[in-house]
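So the protein lines, in turn, are chains S and P.
Heads up: the first sequence at position 61 corresponds to 61 in the numbering used here, and the numbers run straight through without jumps.
Heads up: the second sequence at position 340 corresponds to 340 in the numbering used here, and the numbers run straight through without jumps.
A hint or two may mislead.
[Unchecked claim] DEER-style ranges, computed between Cβ atoms:
1) Leu-251/S - Gly-286/P: 51 to 61 Å
2) Pro-161/P - Asp-80/S: 46 to 56 Å
3) Asn-85/S - Met-135/P: 53 to 63 Å
4) Leu-362/P - Gly-77/S: 21 to 31 Å
5) Arg-238/P - Ser-253/S: 29 to 39 Å
Worth flagging that the hints you see were computed from the coordinates, not collected in a lab.
Each residue gets a CB set at the ideal place from its N, CA and C atoms; glycine is no exception.
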Amino acid sequence: MSTSNFTRRGVLKTGVVAGAGLALPTIFTASSAAAFTNEPTGSSVTLGFNVPQTGPYADEGLDELRAFELAVQHLNGEGDAGMMNTFSSKALKGNGILGKKVEFVTGDTQTKSDAARASAKSMIEKDKAVMISGGSSSGVAVAVQGLCQEAGVIFMAGLTHSNDTTGKDKKANGFRHFFNAYMSAAALAPVLQKLYGSERAAYHLTADYTWGWTQQASIQAATEALGWKTVNNVLTPLAQTDFSSYIAPVLNSGADVLVLNHYGGNMVNSLTNAVQFGLRDKQVNGKNFEIIVPLYSELMAKGAGANIKGIVGSQNWDWKLQDEGTKAFVKSFGEKYGFPPSQAAQTCYAQTILYADAVERAGSFNPCAVAEALEGFEFDGLGNGATTYRKEDHQCFKDVLVVRGAMTPESEFHLVEIVEVTPMAQVTYDPEHPMFAGGQLGACNPGA
Amino acid sequence: MFGLDRKDASLLIVVAALTLLAPFILNPFPEGSSLAQFNAGYPDLMQRFVIFGIFAIGFNILFGLTGYLSFGHAAFLGVGSYSAVWMFKLLSMNVIPAIILAVIVSGLFAVVIGYVSLRRSGIYFSILTLAFAQMSFALAYSVLTPITNGETGLQITLNDPRILGVSQTAQGGIPVTNIFGLEMRSTYQLDVGPWLFQFNAGYYLCAAIMLVAFYVAIRIFRSPFGLTLRAVKSNQQRLNYTGMNAKPYTLAAFVISGMYAGLAGGLMASMDPLAGAERMQWTASGEVVLMTILGGAGTLIGPILGAGFIKYFENIFSKINDNVLHGWFSFLPDGLENFIVGILHPFIGKGWHLTLGILFMLVVIFLPGGLVEGGQRIARWMKRGKASKSSQNTNPAE
Numbered sequence: 001m002s003t004s005n006f007t008r009r010g011v012l013k014t015g016v017v018a019g020a021g022l023a024l025p026t027i028f029t030a031s032s033a034a035a036f037t038n039e040p041t042g043s044s045v046t047l048g049f050n051v052p053q054t055g056p057y058a059d060e061g062l063d064e065l066r067a068f069e070l071a072v073q074h075l076n077g078e079g080d081a082g083m084m085n086t087f088s089s090k091a092l093k094g095n096g097i098l099g100k101k102v103e104f105v106t107g108d109t110q111t112k113s114d115a116a117r118a119s120a121k122s123m124i125e126k127d128k129a130v131m132i133s134g135g136s137s138s139g140v141a142v143a144v145q146g147l148c149q150e151a152g153v154i155f156m157a158g159l160t161h162s163n164d165t166t167g168k169d170k171k172a173n174g175f176r177h178f179f180n181a182y183m184s185a186a187a188l189a190p191v192l193q194k195l196y197g198s199e200r201a202a203y204h205l206t207a208d209y210t211w212g213w214t215q216q217a218s219i220q221a222a223t224e225a226l227g228w229k230t231v232n233n234v235l236t237p238l239a240q241t242d243f244s245s246y247i248a249p250v251l252n253s254g255a256d257v258l259v260l261n262h263y264g265g266n267m268v269n270s271l272t273n274a275v276q277f278g279l280r281d282k283q284v285n286g287k288n289f290e291i292i293v294p295l296y297s298e299l300m301a302k303g304a305g306a307n308i309k310g311i312v313g314s315q316n317w318d319w320k321l322q323d324e325g326t327k328a329f330v331k332s333f334g335e336k337y338g339f340p341p342s343q344a345a346q347t348c349y350a351q352t353i354l355y356a357d358a359v360e361r362a363g364s365f366n367p368c369a370v371a372e373a374l375e376g377f378e379f380d381g382l383g384n385g386a387t388t389y390r391k392e393d394h395q396c397f398k399d400v401l402v403v404r405g406a407m408t409p410e411s412e413f414h415l416v417e418i419v420e421v422t423p424m425a426q427v428t429y430d431p432e433h434p435m436f437a438g439g440q441l442g443a444c445n446p447g448a
Numbered sequence: 001m002f003g004l005d006r007k008d009a010s011l012l013i014v015v016a017a018l019t020l021l022a023p024f025i026l027n028p029f030p031e032g033s034s035l036a037q038f039n040a041g042y043p044d045l046m047q048r049f050v051i052f053g054i055f056a057i058g059f060n061i062l063f064g065l066t067g068y069l070s071f072g073h074a075a076f077l078g079v080g081s082y083s084a085v086w087m088f089k090l091l092s093m094n095v096i097p098a099i100i101l102a103v104i105v106s107g108l109f110a111v112v113i114g115y116v117s118l119r120r121s122g123i124y125f126s127i128l129t130l131a132f133a134q135m136s137f138a139l140a141y142s143v144l145t146p147i148t149n150g151e152t153g154l155q156i157t158l159n160d161p162r163i164l165g166v167s168q169t170a171q172g173g174i175p176v177t178n179i180f181g182l183e184m185r186s187t188y189q190l191d192v193g194p195w196l197f198q199f200n201a202g203y204y205l206c207a208a209i210m211l212v213a214f215y216v217a218i219r220i221f222r223s224p225f226g227l228t229l230r231a232v233k234s235n236q237q238r239l240n241y242t243g244m245n246a247k248p249y250t251l252a253a254f255v256i257s258g259m260y261a262g263l264a265g266g267l268m269a270s271m272d273p274l275a276g277a278e279r280m281q282w283t284a285s286g287e288v289v290l291m292t293i294l295g296g297a298g299t300l301i302g303p304i305l306g307a308g309f310i311k312y313f314e315n316i317f318s319k320i321n322d323n324v325l326h327g328w329f330s331f332l333p334d335g336l337e338n339f340i341v342g343i344l345h346p347f348i349g350k351g352w353h354l355t356l357g358i359l360f361m362l363v364v365i366f367l368p369g370g371l372v373e374g375g376q377r378i379a380r381w382m383k384r385g386k387a388s389k390s391s392q393n394t395n396p397a398e
């Protein structure tokens, strides 16, 4: 048998047999013994940052990414450690998480649930991420949170403001630092009454997905409690860029307040359209026509330019706050990028630090241990004052800012002025509040 | 074999081998190496490859054979997904009934849309299908919110009334999709030295179904029915003059193709039980057109290649960020490194659409027959290199 007859089949067969032989000893040592999904075994741990880099929330997404990068630097002991210095928990030492160097992967959610799930899945299956964070849309956050629950990794929600994220769609593996629509409404109502009185007729334009629906419902409930009437509520598609056809009917509706339940690029466009139609110079029912944007951000104010002047809304955080945490964060963010961070950046930074701290305190990356460390956790020094992660729904409770577009901004970063800091007690609600009822956390899932 | 001639049988065998060995083929780079970024052998992406392969094969039965360009095929994909998820919510987490219902419902949907749209041909047909798909999208997005859960997408929850099976597992979690107990997400991991290969149950189910779908497509292509469809493409008027009514044939092709899309949608939902309205958007319909043209319309293997190509770009290139680039070029002096990263920046991460667009243009300009033509040219060139045989004339399948 000295003839060397290399048939394709022969080569393939030999190859397969050889491969199987090589693989055999390693099968038994394979990671099947892992206690939970993507248990980090090497000298590093991977986090997945899944943000919208395209679509209506792209600005927010890119700012979130900057904050994530900064947080990872600080966790690894590079830079000036930012809010880690002011954070009330001192478990983090600047040597990564549990001594493992923090690495990260990024993905584009495209502000679509499908794309976001695909991207998160690839982070979990390919890059072995042990935590997923990010998202600038509640629809996406709800979808990715569900995925993380099934896969057995922790989801630290980024910018998601819908009541449902920690309401009817809450999950044991998901945590939210950002505030929600109900809190916005609770904080805004007294200010609206003070500014505009209690005899108003409101017209709602609402982004047509979970966040828009819950925010509209929250604002409607809060303002109707003041004695306002709700004239109409019109749902607009998320991908809409021109809102003229939605604004025109407002003029003759008899409403004297327009509530824009829009965010990001949507809000910039709808507000610009509304101002172009001259709504703000109108008098209806003997009162000045007013526009309200319940959820606000510096990035949107920048996009909307002069149109934002005097318009009232609420924020989770603002870089002009004067506490130590905020100052430290604004300083390190500003030094790295040359401009102050947005609230999206702050919440993502805080979420990353909170996760790392919880792992450090739990002594394990196991999602169940981390969840236990986060539940009921009380902390301070991350820019929002004293904050609690409520055990019942994994929602953070803290002060809420009521803000207004600055009439005479002193620079391009001072477009928003703080009207009032609403204390935590005023925005706290029962976990079984009707707007949040119907969901269950379920049991924490460590995966594998 | 299986009633196929030698050439088709060997094509089927090659495709079967490629799909079965995909976990190896798609993971050529060791874990942890800087090229591991380009590995595509993880369950989710492999599933997407074959699922979109099915979608494109089905689309090709309509577009490649009859020449009718449907711009609304994503509607069937979406309908399939919604039916499958409802089946999970109401009946059982077993994927078989879900997939069957997905195919049936999308087939019915295709009969209705096809019956109306096929009264026109050419651009009017395309516009009609596009209109129907956008209508379905708008319905799913806002009007039918109770059925579709709007933009958020239809998901499985802890309190679904499941007739066969439990609403939640003993641990209090949501049950996972399975086929007679074998979970779709269960993955066997094989470590070979620094390599990691993942064998996923869901992937192999999809792969098996794709092979069946591919086989059926070959049979259709080679059947008298397929020949009639080709006749529709080359000259429908002449066909009419010979006394043949083309409408039942085109409608049948449309429905088959819609059922393929529904099958793909049902499989997508089986792998990941979520159905979103954006699956029906016109961009999704456009994507399958791109896949088919990129791979080679009217060829058997082309659509599968095109689907793989586009999904690879979407999932791999979109995840390369500046940090990764800096990692690759860190051996260069700082100034040069930043310069190169700056030049590449628009083409990676969120710029993957741009890269894909450029590649698509290049393919359409230089390889009008798609990737298949590229393969044929290479094969011809290699043959010429070996021995100057008489140039073998390859006919595109139309």
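Here is what the structure says about each hint:
1. Leu-251/S - Gly-286/P: 51 to 61 Å: Between Leu-251/S and Gly-286/P, where Cβ atoms are some 37 Å apart, the hint is violated.
2. Pro-161/P - Asp-80/S: 46 to 56 Å: Between Pro-161/P and Asp-80/S, where Cβ atoms are some 55 Å apart, the hint holds.
3. Asn-85/S - Met-135/P: 53 to 63 Å: holds, 56 Å
4. Leu-362/P - Gly-77/S: 21 to 31 Å: About 46 Å separates the Cβ atoms of Leu-362/P and Gly-77/S, which means 21 to 31 Å is violated.
5. Arg-238/P - Ser-253/S: 29 to 39 Å: violated, 60 Å
Hints 1, 4, 5, counting from the list given before, are not met by this structure.
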